[in-house]
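Following the hints, position chain Y against chain V.
Number of protein chains: 2
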Amino acid sequence: MSDVAIGIDVGGTKALAVAVGADGQVLGELRSGTPHDRDADPGSRAAEVIADQVLELSRRQGLDARQVPVGIGLPGMMRRDGRLAFAPNLQSASGSDLGALLRERLDSTSVVVENDANCAALAEHQWGAGLGIDDFVMVTLGTGIGGGVIADGKLVRGRNGFAGEIGHMVVDAHGAPCRCGGHGCWERYASGGGLARLTVEAARAGRLPILVERVGDTERVRGEDVTAAAAEGLDEAVAVVDEMGWWLATGLANLVAILDTGHFVVGGGLSEVADLVLPVARRYLVELVEGYADRAFITVVSSTFGVRSGAMGAALVALGTRS
Amino acid sequence: MSDVAIGIDVGGTKALAVAVGADGQVLGELRSGTPHDRDADPGSRAAEVIADQVLELSRRQGLDARQVPVGIGLPGMMRRDGRLAFAPNLQSASGSDLGALLRERLDSTSVVVENDANCAALAEHQWGAGLGIDDFVMVTLGTGIGGGVIADGKLVRGRNGFAGEIGHMVVDAHGAPCRCGGHGCWERYASGGGLARLTVEAARAGRLPILVERVGDTERVRGEDVTAAAAEGLDEAVAVVDEMGWWLATGLANLVAILDTGHFVVGGGLSEVADLVLPVARRYLVELVEGYADRAFITVVSSTFGVRSGAMGAALVALGTRS
Numbered sequence: 001m002s003d004v005a006i007g008i009d010v011g012g013t014k015a016l017a018v019a020v021g022a023d024g025q026v027l028g029e030l031r032s033g034t035p036h037d038r039d040a041d042p043g044s045r046a047a048e049v050i051a052d053q054v055l056e057l058s059r060r061q062g063l064d065a066r067q068v069p070v071g072i073g074l075p076g077m078m079r080r081d082g083r084l085a086f087a088p089n090l091q092s093a094s095g096s097d098l099g100a101l102l103r104e105r106l107d108s109t110s111v112v113v114e115n116d117a118n119c120a121a122l123a124e125h126q127w128g129a130g131l132g133i134d135d136f137v138m139v140t141l142g143t144g145i146g147g148g149v150i151a152d153g154k155l156v157r158g159r160n161g162f163a164g165e166i167g168h169m170v171v172d173a174h175g176a177p178c179r180c181g182g183h184g185c186w187e188r189y190a191s192g193g194g195l196a197r198l199t200v201e202a203a204r205a206g207r208l209p210i211l212v213e214r215v216g217d218t219e220r221v222r223g224e225d226v227t228a229a230a231a232e233g234l235d236e237a238v239a240v241v242d243e244m245g246w247w248l249a250t251g252l253a254n255l256v257a258i259l260d261t262g263h264f265v266v267g268g269g270l271s272e273v274a275d276l277v278l279p280v281a282r283r284y285l286v287e288l289v290e291g292y293a294d295r296a297f298i299t300v301v302s303s304t305f306g307v308r309s310g311a312m313g314a315a316l317v318a319l320g321t322r323s
Numbered sequence: 001m002s003d004v005a006i007g008i009d010v011g012g013t014k015a016l017a018v019a020v021g022a023d024g025q026v027l028g029e030l031r032s033g034t035p036h037d038r039d040a041d042p043g044s045r046a047a048e049v050i051a052d053q054v055l056e057l058s059r060r061q062g063l064d065a066r067q068v069p070v071g072i073g074l075p076g077m078m079r080r081d082g083r084l085a086f087a088p089n090l091q092s093a094s095g096s097d098l099g100a101l102l103r104e105r106l107d108s109t110s111v112v113v114e115n116d117a118n119c120a121a122l123a124e125h126q127w128g129a130g131l132g133i134d135d136f137v138m139v140t141l142g143t144g145i146g147g148g149v150i151a152d153g154k155l156v157r158g159r160n161g162f163a164g165e166i167g168h169m170v171v172d173a174h175g176a177p178c179r180c181g182g183h184g185c186w187e188r189y190a191s192g193g194g195l196a197r198l199t200v201e202a203a204r205a206g207r208l209p210i211l212v213e214r215v216g217d218t219e220r221v222r223g224e225d226v227t228a229a230a231a232e233g234l235d236e237a238v239a240v241v242d243e244m245g246w247w248l249a250t251g252l253a254n255l256v257a258i259l260d261t262g263h264f265v266v267g268g269g270l271s272e273v274a275d276l277v278l279p280v281a282r283r284y285l286v287e288l289v290e291g292y293a294d295r296a297f298i299t300v301v302s303s304t305f306g307v308r309s310g311a312m313g314a315a316l317v318a319l320g321t322r323s
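Chains as they are written, first to last, in the working numbering: chain V, 1 to 323; chain Y, 1 to 323.
Bound-form chain V, shown alone (with noise of 0.2 Å):
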């Protein structure tokens, strides 16, 4: 096994890299904005950054970027042939084959793509906080949900390398309408986009009064001032909170009658919120849950890594394939 590895998370704002040792320890990082040029072809403009990324942590390691094993982690369904087949939230490379176009532009052979959620599964139960257990799955919450579902030790990629996309799983069949054009998905309420529409229909409802005059318009409420306002105490900002817990809940519920999930693993860009809606989460799951006396204690943790845990999976991908 190689010693060092990079790995890049490329998410629908900033593409994260960061180069790993084979024991888990991060040795250096670096940010760009992501790209989303859609006159450029599929995938070139992310390719090149992510090139001058992998090029940058290169030279400030003292690796050389033709040799480093590279793992990219993509917001989206990866098919088992490298090509990214469905992403709402990186169109601009939306069918494009990532890898091959990066070890073309490297000069490389050692490139590997694995969906950013599944990199963060695997980062966790390699070094995090998923580690020594064979069956959890990693939840991530940003502006939607995303997954990875380890079972028996191992990730569970399903018939087209799709397995995770646990976001789109419907919780509310006439509810919401969500981007990937279905209605009543998780992510429509257990999600950083989730929180936002909870809170602009507790503000049109009239509950959210205090937080409705300190901004001074119903429409402009934010998921932010909520957090902010529940951190404080404040009543009607902690009932929406309460609120975004229980369909958290109802979604780990369900994977829970579906896999026998005894841990979760929650991590992504919504560390605050997590903070807030994890003990409420926990709680409601006791009620929500199929038999719950007669299973072990079901766990609901923070993940180790955060933000990082995408790109520490993709490294450690890449670390794989040169065992």
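By construction, these hints were calculated from the structure, which means they are not laboratory data.
Among these hints, one or two may not hold up.
Since the list gives no way to pick out one identical chain from another, each pair is judged satisfied if it fits inside one copy or across any two copies.
Below, simulated DMTMM-like cross-link-like pairs (lysine to aspartate or glutamate); rule was C-alpha separation at most 25 Å, straight line [unchecked claim]:
1) Lys-154 <-> Asp-81
2) Lys-154 <-> Asp-23
3) Lys-154 <-> Asp-134
4) Lys-14 <-> Asp-97
Remember, it's a predicted structure, so these values are computed and weren't measured experimentally.
Leaving out everything else, chain Y in the frame of chain V:
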């Protein structure tokens, strides 16, 4: 591996026992009523009935009941230690260790227990509609919905051994109450019990005028009336079957999102209903699955062994322990 095993599927109303060869051939079969005496010690009456079945089938097949491997499929959450933890349809045996009771009664060492839908999944994987397919979900439609998840060629058991309780995945969070204590569970919409509920709702809402006139009472239209009339092409009945098919597809689409399932095997006691509903569900899957066009074709097929798959799978589990 032993040549023959006896498998028994203990349902809410009937216990079906089969003698099965290692090649999957059913050599003999026997049905008894399931006892529900709640006065007796938990499981003791069920153990008596099952033991009688084993003795009678053994006698007919010329087997030694103390030697033949016996597998029991039970309708509830089976702990990994063999105890039946949560069984709404077999409450008289809840909390009991039927395997131990049977071993004692038969003076046998080879009695194993397993969840009934997991048994069905294993039988279809070994000999039937899931043969050679490493990632599929078994869906058993009866009064409720049971399930067995095969990932990467193996049954997913989860933390406590309770995986596959797919009927209690919530698809309508503020929906109909379920006997599990929850609301909006999938089986309240897409099972035999779900069809009965959708039928009464439709009758009350005036959407089944012809059927209501036939049976003479809004409250007395049954699911069977709807399926019989739908099979004859009566529009108002076809509409209710369509609704059930949409709900079935909604749950299947959730499993696709989470597991990237490419194949579903539908079994259980409702084969006439399944014949009508599966084509509808297949049609709705196309619009309900995220990124449908980017996936390999998703197949939804009827089980090969129908009501026998649970008992056959229980026999298979018993055969496996002797391998």
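The hints, checked one at a time:
Taking the shortest Cα distances, Lys-154 and Asp-81 sit within 25 Å of each other both inside one copy (19 Å) and across copies (23 Å). For the homomeric pair Lys-154 and Asp-23, the shortest alpha-carbon distance inside one copy (19 Å) is at most 25 Å, but the shortest distance between copies (30 Å) is not. Taking CA atoms no more than 25 Å apart as the test, Lys-154 paired with Asp-134 passes in both settings, with 7 Å inside one copy and 14 Å between copies. Taking CA atoms no more than 25 Å apart as the test, Lys-14 paired with Asp-97 passes inside one copy only; the shortest distance there is 19 Å, against 55 Å between copies.
Violated hints for the displayed structure: none, as all numbered hints are satisfied.
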